[in-house]
Amino acid sequence: MDHSAYRELLSALLDGELDETERTQTLAHLDGCAACRTYFAELNAMRDVLREPEPIEVPAGFSAGVMARLHEESMPRKVKKHTPWRGFAAMAACAAVVVLAASTVTNLRMGSASSSADQMTMAAEASTEEAAPMAPPMENMMIAEAPAQDMGEADSTAESKIYAAADEATGSASERLMGIGGTEPETPKGAESGTVTNGVTLVTEGPAEDVAPSDGEIEMNVQQSDAMLTLSGEGAADWLAENGTWNETTACWMVPADALAELPEGLALEGIVPPDAEGLLPVITETEAAQ
Amino acid sequence: MEEQELIRRCQQGDEAAFETLIHLHEKKIYALCRRMCRDEDDALEAAQDAFLAVWRGIGNFRADAAFSTWLYRLATNACLDLLRREKKRGGDVSLDDEDAAVDPVDAAPLPEEAVERAETQRMVREALYALPDDYRQVLLLRETEQLSYQEIASATGLELGTVKSRISRARLALRNYLAAGGNFFERVASKQTERSRKEAETNGSQRV
Numbered sequence: 000m001d002h003s004a005y006r007e008l009l010s011a012l013l014d015g016e017l018d019e020t021e022r023t024q025t026l027a028h029l030d031g032c033a034a035c036r037t038y039f040a041e042l043n044a045m046r047d048v049l050r051e052p053e054p055i056e057v058p059a060g061f062s063a064g065v066m067a068r069l070h071e072e073s074m075p076r077k078v079k080k081h082t083p084w085r086g087f088a089a090m091a092a093c094a095a096v097v098v099l100a101a102s103t104v105t106n107l108r109m110g111s112a113s114s115s116a117d118q119m120t121m122a123a124e125a126s127t128e129e130a131a132p133m134a135p136p137m138e139n140m141m142i143a144e145a146p147a148q149d150m151g152e153a154d155s156t157a158e159s160k161i162y163a164a165a166d167e168a169t170g171s172a173s174e175r176l177m178g179i180g181g182t183e184p185e186t187p188k189g190a191e192s193g194t195v196t197n198g199v200t201l202v203t204e205g206p207a208e209d210v211a212p213s214d215g216e217i218e219m220n221v222q223q224s225d226a227m228l229t230l231s232g233e234g235a236a237d238w239l240a241e242n243g244t245w246n247e248t249t250a251c252w253m254v255p256a257d258a259l260a261e262l263p264e265g266l267a268l269e270g271i272v273p274p275d276a277e278g279l280l281p282v283i284t285e286t287e288a289a290q
Numbered sequence: 000m001e002e003q004e005l006i007r008r009c010q011q012g013d014e015a016a017f018e019t020l021i022h023l024h025e026k027k028i029y030a031l032c033r034r035m036c037r038d039e040d041d042a043l044e045a046a047q048d049a050f051l052a053v054w055r056g057i058g059n060f061r062a063d064a065a066f067s068t069w070l071y072r073l074a075t076n077a078c079l080d081l082l083r084r085e086k087k088r089g090g091d092v093s094l095d096d097e098d099a100a101v102d103p104v105d106a107a108p109l110p111e112e113a114v115e116r117a118e119t120q121r122m123v124r125e126a127l128y129a130l131p132d133d134y135r136q137v138l139l140l141r142e143t144e145q146l147s148y149q150e151i152a153s154a155t156g157l158e159l160g161t162v163k164s165r166i167s168r169a170r171l172a173l174r175n176y177l178a179a180g181g182n183f184f185e186r187v188a189s190k191q192t193e194r195s196r197k198e199a200e201t202n203g204s205q206r207v
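Protein sequence lines correspond, in order, to chains P and D.
Counted the way numbering that gives the first Met the number 0 counts, the first sequence spans residues 0 to 290.
Counted the way numbering that gives the first Met the number 0 counts, the second sequence spans residues 0 to 207.
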């Protein structure tokens, strides 16, 4: 083993993370190797400095700032719980997301080379130009600030319903994924396949380049005839990355209904599904019924 | 009130309990974010993001899990997310930012030893900021937060082996940066020599 191979062992030795055999072996090497002794001394020296206390003061009013942001963000949630139909519009508005209705969305889908027809039901779009960078899914999951003006210029074609508005009061979009899906889509003319099974399509609230994984809570607002769902729990982001498919063209997450049926423990899906959508997303209906 | 009780109340939507919970942890979390983010405003935002994520996720927090580990996870994720966004915005640090990161020197003259310590701290801090963000993350969790490898694995979602190798690489990178950028190790070595000499003298005088 050369010196470089010992670096990791020396690092772990410093941390007391070696088992007895490794420890004995590493200490024996250290005895006979001046270069490694020097390196180990340097690691120790850096540790000493790293562990010296630094006078870092929490800015005044820190917790008040958190609470203020919390109140901003919680406003649309309350609306959602009571009035799902309007709630969706309210939340979309607060996040400044433009969700296009099915007719438009299916058009978008036609242009998507990577569409998986058996999963996809609908797609949603949030500012085409910004929301579809060549980034891997994990880079695209967390919502950052999504200032209203970012989304304000989204294309509003004649046939699209737009559930969006700029609402300055809720400029901070939080970690939410907004999505639509699960409806019985119109088969677009010229599309390769008209067979579409249930699924959930998620669209990020902000420009996709601003999103990243997070384990706090992720809300997937699924518009299923205005159904709204929330996926929450630690590991929600990972689960989504594993089970969902990211469509770069549409900047959407698509999650098969089958996967939703087998949500791992710790993840919760909740929401309110209008009666006319129950048959399409039985999983969600069950969850709802359990509440 | 005990932390478990605060968490339970937070799960019921008790905002006052949440604010108390913030007070309990804000110093630790803000300091971690401050070390992760070069920019002070970024650190503040990331720390707030972390606590907001607590509020959003606490409903699913299990009582048997370690709250502090979860909090570290949310905090370092918030920092990484924010730093990633900053980079994508092309927000390279300007010289002004670098200057801002250096704490102003007190007007009152410091003893030589304190000056020396402040200087070595500054060098290490600069070196830390030069590390890749995910290297800095594990190294800070290990050194300043003093988490075990297992705890770091829990807080980062990394495999244990990855934690071990990443910490080692982070240290190597830090060491190379410090070795290339100046006289850090000479300074530290001379300080240690000085300390040893003083200790020897003290011991000597005690013997007399």
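Just so you know, these hints were derived from the structure itself, not from any lab.
A quick note: this is a predicted structure, and the numbers were derived from the prediction, not measured.
Hints may contain errors.
Stated by the list, open to error - Every beta carbon over 12 Å from chain P, so not counted as near; a handful from chain D, in silico:
no.: 1; residue: Glu4
no.: 2; residue: Gln11
no.: 3; residue: Pro131
Stated by the list, open to error - Covered stretches of chain P (in silico footprint by chain D; criterion: 3 or more residues with CB under 8 Å from a CB of chain D, positions within the stretch not fixed):
no.: 4; region: 17–23
no.: 5; region: 28–36
no.: 6; region: 56–67
Said to hold, decoys possible - Facing chain P, a subset of chain D residues (Cβ under 8 Å, in silico):
no.: 7; residue: Ile21
no.: 8; residue: Glu25
no.: 9; residue: Arg37
no.: 10; residue: Thr119
no.: 11; residue: Tyr134
no.: 12; residue: Ser167
no.: 13; residue: Ala172
A virtual CB, placed ideally from N, CA and C, is assigned to each residue, including glycine.
Now for the hints, and whether the structure bears them out:
| no. | hint | verdict |
| --- | --- | --- |
| 1 | Glu4 | holds, 18 Å |
| 2 | Gln11 | holds, 15 Å |
| 3 | Pro131 | holds, 15 Å |
| 4 | 17–23 | violated (count 0) |
| 5 | 28–36 | violated (count 0) |
| 6 | 56–67 | holds (count 7) |
| 7 | Ile21 | holds, 4 Å |
| 8 | Glu25 | holds, 5 Å |
| 9 | Arg37 | violated, 13 Å |
| 10 | Thr119 | holds, 5 Å |
| 11 | Tyr134 | violated, 12 Å |
| 12 | Ser167 | holds, 4 Å |
| 13 | Ala172 | violated, 11 Å |
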